[in-house]
Amino acid sequence: MSPAHLEGYLVVGAVLFALGLVGFLTRRNMIIMFLSAEMMLQGVAVNLVAFAHFRGNLGGQVLVLFIVAVAACEAAIALALVLMLFRRRKTLDVSVWQELREPDQEPIEDEGTLEAEEKPEDFQHLTPAGAEPPARKDTEEVSHV
Amino acid sequence: MISLLLFADGEGVRGFFRENWLVLLPCALGFVAIYLLMPRANRLPALWGGVLAGLALILGGFVLARSQVFSVETILFLAFSGLAIAAGVMMITQSNPVHAALSFAMVVLSVCGLFLLQAAPFLMAATIIIYAGAIVVTFLFVIMLAQQEGPSNADQRSREPFLASLAGCVLLASVWSIVHKTYQPGDVESLLATLTKVAAVKNTDDVKQVLGDPQTMKPTERDLPLVEQLRKHFASLPPDHKTLNDIAAIKLHWAKLDVDNLKASAEAVRKELEPHRNRQGSLGSDTPHPKEKTPVRFEPGKLPAGNVAAIGRTLFTDYLIPVELAATLLLVATIGAIVIAGRRSEELR
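First to last, the protein sequences are chains G and D.
Be aware that the first sequence starts at 1, since it is given in this note's numbering, and climbs by one per residue.
Be aware that the second sequence starts at 1, since it is given in this note's numbering, and climbs by one per residue.
Chain G extracted, bound-state conformation:
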């Protein structure tokens, strides 16, 4: 394997890492933010495997195995936390947790935020009373026989 090949793999790893970074910074959906973090880990894994091949040393591949194990743990814990947060506020938006910011920090307002719709209040509906529904024909015939 030549250094020219190594450059390609390192660049692909860097691109995946940068994409993950952009996704983590911009997106407001908690699940997509965690997916972006996982993509950053994928970029690092590409780097490590390329170096393992380049140097003929298996330490890089072993480290990727540990990354996979840690990513599995992280996914389990993070998704449990996401579910807990979702049950509290009924939304995956991270912006509803802005009161966790520093006391002297202004709240962030994104441009073009959708207004929360006013929902009409949902009353229970009873089935309307009135005329008896017509009996079905086939059951009538059965009853006559």
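Take these hints with a grain of salt, some might be off.
If you want the footprint, here are the derived chain G segments under chain D, 3+ residues with CB under 8 Å [stated by the list, open to error]:
no.	region
1	8 to 22
2	49 to 60
3	67 to 78
4	97 to 109
5	123 to 133
Calculated directly from the structure, the hints in this document are not laboratory data.
Since the model is a prediction, treat every value here as computed from it, not as a measurement.
By construction, the Cβ of each residue, glycine as well, lies at the ideal position given by its N, Cα and C atoms.
Start from chain G and add chain D according to the hints.
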């Protein structure tokens, strides 16, 4: 340190741009594409961003493949990495979380293709099973469990898309230009390989095979490409330096087919060139242990594809304690996830 690496020529920012414009152009195109594709209130049609992203991808692939031999490995590398990057862009720009999770599965599968090209078949299998099989499915489960009603701010709007894309672009551009500068294809490795070959010749036939036959060439053509490249590489040395004399000696001894002296001067030049290689970023070599039944160390670049046994050996000898720690970590994470997520009955009360 970084500025020292980038601006080593003393030309400042302008010199940096002139030297690296081929790397910076795809980064800038990608930045514009990502910015246009991010979900927001009045987004342009996705076609514009898509076209720009495709352009950036093709340009980046061209920059990477420019110096490589046109081989099957290169084509597979370009295909897998292009697929991975395209799926990654789709993942961070999709407004539907389910589509984003599926794009992430695509990223993982393409990265597994890259693993296979890098002699890591076990990692490929493990990553497909764990990532694409288990983690993505867990994500999909959570997306289904946490359904929101109607279009939501979380999916339809993004936070500071301009600044974030700029940050990503600057990160990528700096990493890429440093990698580009460090691993400039070229030359020290191939020169070293040729010199090692020359230093190992045994008789005149070997010399003719490696460097060409001086007797069959016309006098005007008697220029060794090896010597020319070596001179170019050592151009900064003073003209009466010992290394330059050795280089000239290579040509002289080759013309006379003087095997012993040729070997001696090739070895001398090789020793001079060896430190340059370290400066070029190859981090030296691990010495292989040929006597082991399952070797775990190999020559640089010579990692065999069938290395599962070697991985197992490394994992359970050199990295035994980390393996135990990873097992403990998995157990703790399992218990933690149950404790955190298993409170549904309390909430209902």
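Hint by hint, here is what the structure shows:
no. : hint       : verdict
1   : 8 to 22    : holds (count 14)
2   : 49 to 60   : holds (count 10)
3   : 67 to 78   : holds (count 10)
4   : 97 to 109  : violated (count 1)
5   : 123 to 133 : violated (count 0)
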